[in-house]
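Chains as they are written, first to last, in our numbering: chain A, 1 to 440; chain B, 1001 to 1341.
Bear in mind the hints are in silico, worked out from the structure with no lab data behind them. We put the CB at the ideal spot given by N, CA and C, even for glycine. Warning: the hint list may mix true and false statements.
[Said to hold, decoys possible] To be clear about the criterion: a stretch of chain B counts as covered by chain A if any three or more of its residues have a C-beta under 8 Å from a C-beta of chain A, and this derived list gives those stretches:
1. 1063 to 1071
2. 1079 to 1085
3. 1096 to 1102
4. 1144 to 1157
5. 1297 to 1306
6. 1318 to 1324
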Amino acid sequence: MEDLLSARLQMAVSLGFHIVFACIGMVMPFLMAFSHWRWLRTGQKEYLDLTKTWSKGVAIFFATGAVSGTVLSFELGLLWPEFMRHAGPIIGMPFSWEGTAFFIEAIALGLFLYGWDRIHKWVHWATGVLVGVSGVASGIFVVAANAWMNSPQGFDWVDGQAINIDPVAAMFNKAWFTQALHMTLAAFVSTCFAVAGIHAWLLRQHQNHPLHQKALKISLTLGAIAAFLQPLSGDISAKDIAQRQPAKLAAMEALFQTSKPAPLLIGGIPNEDKQRVDYGIELPGMLSFLAHGNFDAEVTGLDQIPKDQHPPVLITHLAFQVMVGCGMLLMAVGLAFLIIQWKFKHLLGHKGFLTVVALSTPLGFLAVEAGWTVTEVGRQPWVIYGFLRTKDALTPMPGLVFPFMLFTMLYLVLAGLVTWLMIRQIRVLHLAYKPLAVSG
Amino acid sequence: MFYVVVLFLGLSLLMYCLFGGADFGAGILEAFTTKHAREKGEKMTYQAIAPVWEANHIWLILVVVILFSGFPRIYTEISVALHIPLTLMLLGIVLRGCFFTFRHYDAIQDRSHDYYSRIFVFSSIGTSFFLGIIAGAMSLGRITLASNVTFAERFVAPWLNYFSFSVGLFACCIFAFLAAVYLMGESEEKRIRKVFWWQAFRANLATVVAGGFVFVAAKLDGFDLIGLLVNHPLGMACLIIATLSLPLLWYSLNLGWVILPRLLAGLQVMLILMAWVIIQYPVVVQIAGNQGLTLENTRAPEASLSVLGWALLVGSALILPALFYLLRSFKGHPWHAEPGH
Ligand code: HDD
Ligand code: HEM
Ligand code: HEM
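Please model the entire structure based on the sequences and the hints provided.
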């Protein structure tokens, strides 16, 4: 396999693996803190058990997230030394803040996991919240670094070198806020629905199990709220991209010709050779509206972008469809839950509803992976948009297919193991925890 | 701000060698323990490491972040030339981190436990070994910037040599020693203390032998280590003090003291690290037939160093009290802020 392709795939696999653990690391602490808070307030023992059960699972995820993150910080240099030579001094700042946030997170996590009965109960609770807060902060910092790759600023590019570096301007680039907002919401959507799905599945097998009922309510409530905010934030992102990365927007929408007004494409398979889309549904004027807030606005198509700067259209478009599709489905599930919770409480334990929630377990994470594919593949062929091409950032080391295969295998094995460990965790939970009575 | 950043770089490296090192060492020791003592030791290792495990390895991340934002060329040149050992070290870091946690958190205790342990032990050895190899390769001076050389010369020769291997071996031994001294202080049972006493003893012997081997290997590779030491009396002094403090360490260990031996073991690691820095000062990465990479000639623009320095300063103002609180909460005694945590 070609070295460039191997390196890109290795990066994609490593990041795609890490992001799952990162999302869980950001959101689970909040779910735990909520349940923990209910325990401290109400003294209902299920909440304590739920907090402890979750925290055991989370410890496994944390360790895996931490080591895969460590790998990433080396991989940036191992695979893209030319990128890091330029970018390091410019985006070092968010990374150093991220390091600080990790440190606090790690300390708070140690206190939380091992602090039962050792520290004051409310201090203990606060350490749990701190884990979540610093997790989200670290996520925002890395995403700011990534946003800079999409919207580079804070330096002057002279003869292929960055000079007059202003790291503060670089960190607060035009994309950082929209991306950070969208990502943070995505972390909540994906983790909450995954957690809810698993507990819904278990509720199908263990009717009215109080632990799972509580877990389902907590996670679905939070997930549903985030799922409603997500498309709003996505709309801001899309308007943003229309300004700063027209090539990405054109690839997302497979818009080969500049159009005025431009239709929104739903589904469809772009054919890059023939410059057309097969089997799509077009909503007239909608893209103009979504991108520029006006049904008659002109939207730049790929024809206005030099051929050697086209991102891969097929992948970007399909990934975008998958993300939005998953987002819509999750919103529907969230809406159903809110209505049931509000008006038809007795249906909460209904098998049909539980099945639907269980089926939506992977959708959030699927959307996250697809969304990152849109962002990262849609930025191609650039690694620093408009300044440095991905191929020029590559390490001179040959044979990159070997590390690619090594890490892919490693991550596959780890993913399998983590899943297996979770199943064992649940099995033991059910052995040890036989509820006697049904409670609300 | 340049100096603030350098200070943090040195400090993070030291902390990683001490805390991370003792952490690796605990894994290495398990390889040399009988089954029964291992179960006891495993529990202790877990109790000693677990609450601070996450914090330990962040020192490494700090080193990496400071390097790529403050001294980008050091980061990129090492990444290119030492791609292979770095990848192998990462493999070790991933495996030992995961399996250490899996071993403890697996809800069901069965045969899988042995597999976790085995992988944890092997990857602890591997990680320490490759960490040493990387350090050795940075000093040996076979890293080349030329692109018109063969694959072997550019990507293999810099680290595949006697000297780097001997440093790798040395790293394994000294980490095991650190861990043994640390864990001995943790154990309350006399019998277990005895086990760790023997381990510390053997690890100490091995460290001295491996240290000697480093000099032999340097000779074999035509690297004038002794000459460098003679020319840098301060570096020489560090090594001599490190060696001379050994009898004191053993004396206090035999008295059953806890704190002093740990401090001394930590001091020894620090002195060896200092000697390494001093004898090649100001160079950090020796480059074949070229001026070496120094902190000075690879430094990022002032604006970058300045925000980096501030981030580190403000960060530590937030972190230090928290870290102190963490250590206190689990030990009830602030003096335990030492190797192995
Ligand atoms: C649960 C996950 C999830 C869901 C339901 C959605 N997204 Fe998303 N999206 C992400 C998860 C995500 C992401 C993985 O978090 C990305 C990748 C990079 C980023 O900042 O967020 C992303 C990127 C991303 C981008 C590119 C941002 C950039 O490159 O800077 C756009 C334009 C959208 N999204 C738009 C939407 C719209 C209109 C949605 C309507 C339903 C939507 N997203 C749902
Ligand atoms: C965790 C969420 C992320 C995911 C899932 C992700 C996904 C991807 C994918 C799929 C690629 C390959 C794109 C291609 O070459 O076609 C890639 C490349 C890359 N990503 Fe990300 N990314 C994430 C976050 C980040 C962040 C936060 C950074 C940096 C600060 C980053 C830096 C890079 C770099 C340097 C490359 C290689 C160069 C390139 O292909 O443009 N990524 N990523
Ligand atoms: C190139 C990109 C990235 C690098 C170099 C990177 C680096 C790291 C490192 C070194 C850690 C370990 C810290 C620890 O020990 O706790 C980590 C964990 C984490 N990362 Fe990433 N990361 C990247 C992408 C991302 C992205 C895109 C997000 C989220 C939006 C993210 C969020 C997190 C979070 C929340 C954690 C802590 C959770 C946990 O420990 O499981 N990271 N990352």
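Hints versus structure:
1. 1063 to 1071: holds (count 6)
2. 1079 to 1085: Held - the segment 1079 to 1085 of chain B has 3 residues with a Cβ nearer than 8 Å to chain A, which meets the minimum of three.
3. 1096 to 1102: holds (count 5)
4. 1144 to 1157: Coverage by chain A holds here, the residue count being 4 at a Cβ distance below 8 Å.
5. 1297 to 1306: With 4 residues in contact (Cβ-Cβ under 8 Å with chain A), the coverage given for the segment 1297 to 1306 of chain B holds.
6. 1318 to 1324: holds (count 4)
In this structure, none of the earlier numbered hints is contradicted; all agree with it.
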